[in-house]
Amino acid sequence: MGIGKTKGTRKRFPFLLATMRGISQVFLIGNWVTGLLILAAITITSFKLGLMAFLSAAIGTLFGRLGGGHPVSVERGLYGYNPMLTGMALFLFLEGPVSWGIALFGAAVSAAFTASVMRFLQPAGMPTLTFPYIVTTWLLMLSSYKFEAFKVTDKLVPQHLSDWKLEIAGEIHWLSAFLDGAGQIFFLQGILAGLLLFLGIFVADWKMGLYAIAGNFIGMFTAYILGGEHTLIDAGLYGYNAILTALAVGVVFRDGANRLSLYSTMISCVLTVVFIGSVDTILLPFGLPALTMPFALSTSIFIGARLMMR
Amino acid sequence: MGIGKTKGTRKRFPFLLATMRGISQVFLIGNWVTGLLILAAITITSFKLGLMAFLSAAIGTLFGRLGGGHPVSVERGLYGYNPMLTGMALFLFLEGPVSWGIALFGAAVSAAFTASVMRFLQPAGMPTLTFPYIVTTWLLMLSSYKFEAFKVTDKLVPQHLSDWKLEIAGEIHWLSAFLDGAGQIFFLQGILAGLLLFLGIFVADWKMGLYAIAGNFIGMFTAYILGGEHTLIDAGLYGYNAILTALAVGVVFRDGANRLSLYSTMISCVLTVVFIGSVDTILLPFGLPALTMPFALSTSIFIGARLMMR
Amino acid sequence: MGIGKTKGTRKRFPFLLATMRGISQVFLIGNWVTGLLILAAITITSFKLGLMAFLSAAIGTLFGRLGGGHPVSVERGLYGYNPMLTGMALFLFLEGPVSWGIALFGAAVSAAFTASVMRFLQPAGMPTLTFPYIVTTWLLMLSSYKFEAFKVTDKLVPQHLSDWKLEIAGEIHWLSAFLDGAGQIFFLQGILAGLLLFLGIFVADWKMGLYAIAGNFIGMFTAYILGGEHTLIDAGLYGYNAILTALAVGVVFRDGANRLSLYSTMISCVLTVVFIGSVDTILLPFGLPALTMPFALSTSIFIGARLMMR
Numbered sequence: 491m492g493i494g495k496t497k498g499t500r501k502r503f504p505f506l507l508a509t510m511r512g513i514s515q516v517f518l519i520g521n522w523v524t525g526l527l528i529l530a531a532i533t534i535t536s537f538k539l540g541l542m543a544f545l546s547a548a549i550g551t552l553f554g555r556l557g558g559g560h561p562v563s564v565e566r567g568l569y570g571y572n573p574m575l576t577g578m579a580l581f582l583f584l585e586g587p588v589s590w591g592i593a594l595f596g597a598a599v600s601a602a603f604t605a606s607v608m609r610f611l612q613p614a615g616m617p618t619l620t621f622p623y624i625v626t627t628w629l630l631m632l633s634s635y636k637f638e639a640f641k642v643t644d645k646l647v648p649q650h651l652s653d654w655k656l657e658i659a660g661e662i663h664w665l666s667a668f669l670d671g672a673g674q675i676f677f678l679q680g681i682l683a684g685l686l687l688f689l690g691i692f693v694a695d696w697k698m699g700l701y702a703i704a705g706n707f708i709g710m711f712t713a714y715i716l717g718g719e720h721t722l723i724d725a726g727l728y729g730y731n732a733i734l735t736a737l738a739v740g741v742v743f744r745d746g747a748n749r750l751s752l753y754s755t756m757i758s759c760v761l762t763v764v765f766i767g768s769v770d771t772i773l774l775p776f777g778l779p780a781l782t783m784p785f786a787l788s789t790s791i792f793i794g795a796r797l798m799m800r
Numbered sequence: 491m492g493i494g495k496t497k498g499t500r501k502r503f504p505f506l507l508a509t510m511r512g513i514s515q516v517f518l519i520g521n522w523v524t525g526l527l528i529l530a531a532i533t534i535t536s537f538k539l540g541l542m543a544f545l546s547a548a549i550g551t552l553f554g555r556l557g558g559g560h561p562v563s564v565e566r567g568l569y570g571y572n573p574m575l576t577g578m579a580l581f582l583f584l585e586g587p588v589s590w591g592i593a594l595f596g597a598a599v600s601a602a603f604t605a606s607v608m609r610f611l612q613p614a615g616m617p618t619l620t621f622p623y624i625v626t627t628w629l630l631m632l633s634s635y636k637f638e639a640f641k642v643t644d645k646l647v648p649q650h651l652s653d654w655k656l657e658i659a660g661e662i663h664w665l666s667a668f669l670d671g672a673g674q675i676f677f678l679q680g681i682l683a684g685l686l687l688f689l690g691i692f693v694a695d696w697k698m699g700l701y702a703i704a705g706n707f708i709g710m711f712t713a714y715i716l717g718g719e720h721t722l723i724d725a726g727l728y729g730y731n732a733i734l735t736a737l738a739v740g741v742v743f744r745d746g747a748n749r750l751s752l753y754s755t756m757i758s759c760v761l762t763v764v765f766i767g768s769v770d771t772i773l774l775p776f777g778l779p780a781l782t783m784p785f786a787l788s789t790s791i792f793i794g795a796r797l798m799m800r
Numbered sequence: 491m492g493i494g495k496t497k498g499t500r501k502r503f504p505f506l507l508a509t510m511r512g513i514s515q516v517f518l519i520g521n522w523v524t525g526l527l528i529l530a531a532i533t534i535t536s537f538k539l540g541l542m543a544f545l546s547a548a549i550g551t552l553f554g555r556l557g558g559g560h561p562v563s564v565e566r567g568l569y570g571y572n573p574m575l576t577g578m579a580l581f582l583f584l585e586g587p588v589s590w591g592i593a594l595f596g597a598a599v600s601a602a603f604t605a606s607v608m609r610f611l612q613p614a615g616m617p618t619l620t621f622p623y624i625v626t627t628w629l630l631m632l633s634s635y636k637f638e639a640f641k642v643t644d645k646l647v648p649q650h651l652s653d654w655k656l657e658i659a660g661e662i663h664w665l666s667a668f669l670d671g672a673g674q675i676f677f678l679q680g681i682l683a684g685l686l687l688f689l690g691i692f693v694a695d696w697k698m699g700l701y702a703i704a705g706n707f708i709g710m711f712t713a714y715i716l717g718g719e720h721t722l723i724d725a726g727l728y729g730y731n732a733i734l735t736a737l738a739v740g741v742v743f744r745d746g747a748n749r750l751s752l753y754s755t756m757i758s759c760v761l762t763v764v765f766i767g768s769v770d771t772i773l774l775p776f777g778l779p780a781l782t783m784p785f786a787l788s789t790s791i792f793i794g795a796r797l798m799m800r
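Protein chains in written order, with our numbering: chain R, 491 to 800; chain B, 491 to 800; chain W, 491 to 800.
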């Protein structure tokens, strides 16, 4: 999570650069060019969604600054990525006249939540990851059942687990599934968006790019071998969490040389896929999406273990 | 959470005063007069409930003393408020021959739980709030489904979220709704009870009284604007959590001058209302009441953020 | 959790002894003879299950060694008991061609999870207990609803709480129920298995044996008095969690002489029984077994309280 090679420009637009780095931190990267490429991928898919992503990341960064967050953390974008994802998710999953406002409110709450989770996990030295985004989004989506001003999109329907019947049939287009693996982190589908996102990772660090590709493959194939729903694999929904896990466990939080670290990265990606099934099942009665919880769970297990065992 | 102006009497009835302060700590206040006014508000509504409140607070305080809790914590009433609320809630929500005993048992468990949560949150310096009360009450209510000796009142019925239909129509009597906002913290409704409770807060600290009023207003109006159920607003159920959040975020845990603190207090009250909807929705399939979880969640987010960012 | 009187043999088969101690740590005991007796009890009931138990405990111990766990922790078996229980539970509750592989995978994950939970709870000094086993097992069982390669056994069926009707009638054979109380910790039933397990505890420490007996009695009778289902009492399902609580709260984590410790042990066993009802109720819609969660919850409350109040 280095600040990247931005020494020159940094002084001129510090807030804008911190916001861009906030966007790039979804990939656990602190690089404003990566952030710009991510924002481009979102904006070409939906201009409104791109605007929401930018505003939400900016709210988070602003909160970090005015609220008194550690300057280095703010500059690295650590206050931006959770609000950004929260704003995007709420904007997409909520309907109603004030859903736009709820999304921005959620982004602000997510910023405060980020600081709170940082504090909570500080004594154990464990990373915040995307927990604030996930919990804020779930809670605000659930609250919609009790207020008329906003409601969850009809696409998300609460179901009984006892009625659940697994049907895995469906065609898989492996190439688009692969590219959508990167896209789905930001709720995107499409070849160009996927290419821009992978480019964003490679621009920051080619090694991270390779890990992202490997994580994506492991995610898709594990789901296929275990007999996961082909429609979900096809949509990239078994890849995106594994990409993040590969970046986090494989590169960012790997300090020192441990002979087990390559194996543990692979196992953590497989576990992420299994956890997608777990989280989806738990959320079935509530009609909520898994978001990046499988990544956050799997990564916490492996990072926590490394912290304990070094 | 000062000990209040009780220097003189303190030596004569230390246990009784600590118990009264325990009752007042529900408002995050350590003042035996406030505790007495709260107890009066409960007792005029229901003598049995008043007795249960007193006994539960006393059990908690006794546990703190005999168990070796920090003397200052015990004296301030920090071991009393969670047991008191637990005893009251279980007494009201459980039926059956031994429900009285389960309530007192729950109060004792809640006292131990309080110490345990204190310990768990100590490294991060985060406050215990009412988590022990909420979790103990929920778990003991849920256990009633598996034992014949006690059962949950028929008023609380598990429902499917997929069958849930929001109907907000209903009349709101704003004045009684306002007074019930204070009452509902203790499961009370009624003008006199409400007046005694607000008096109790003002007696301890007029500034806290103003914050309680403001929090109550923000709670009611946010719920109204977002289209919450009028029957719930009318019953004070959208005010009581916001009152506690306003006291906690606005006064008690505000150290130092932060230019954002007034805004963050207001946002925390709005968030509390949104969280009432979230918690109610999550609990729907289990037929449980939200209790003060929305307050505890919202407050933890904002207090944690301040601890991180000072 | 002493290492026991194994000075002589320790040097010859260190890995095997650590694995056996890992098995014995389910009883919070670090004694390879106890581990051997437990393994015997499992193996005479089902050879396959015994093999799975041994392999899972070995995987955990291996992970602790290669991964760089503290040598004393590894030697005491602290990396073995969670994987062992996870492997056994998944092997029993999952069906399908790869369920055997999922069980061993779960054991490995549980080992990493153990280290992670250790780290997470380290600042507060709270014990890991069986949380990693419980959470890993639940999550992997839930994931089976989304993959064709493995599924949960038909014996576990998701139910609606709103359809739940308590029927407690049934015969109780107190003696076999008593012996099954020890057996059910390892999913066993049968007189010989029960006798071997109690023998295993007494061999390590006769005082722990007495506490196990007392905990078992308190568990069964509390469930009976509260009106729990006789079929569950008869199967030993109200005893096994209370045995573990009695060992943990009554013996292992009791440091120093506290006049309340005997009472708190008894209360913690009663609370464990109540929590069995709570956890069963929460898990009803997901069709999951309570495993040792009631023990882990109740024990955490009382151990945490003691840490806070000493």
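One or more hints might be untrue.
Where chains are identical, the list cannot tell them apart; a pair therefore holds if satisfied intra-copy or between any two copies.
[Stated by the list, open to error] Straight-line distance between alpha carbons at most 35 Å, and here's what the computed DSBU-like set of lysine-lysine pairs gives:
1) 538 x 697
2) 645 x 655
3) 645 x 697
4) 538 x 645
5) 697 x 641
6) 655 x 697
For the record, the hints were derived by calculation from the structure and aren't laboratory data.
Just so you know, these numbers come straight off a predicted model, no measurement behind them.
Do the hints match the structure? See the list:
no.	hint	verdict
1	538 x 697	within (32 Å within a copy, 44 Å between copies)
2	645 x 655	both (18 Å within a copy, 17 Å between copies)
3	645 x 697	neither (37 Å within a copy, 47 Å between copies)
4	538 x 645	within (20 Å within a copy, 45 Å between copies)
5	697 x 641	neither (42 Å within a copy, 37 Å between copies)
6	655 x 697	neither (41 Å within a copy, 51 Å between copies)
Taken one by one, the earlier hints fail for this structure at numbers 3, 5, 6, listed in ascending order.
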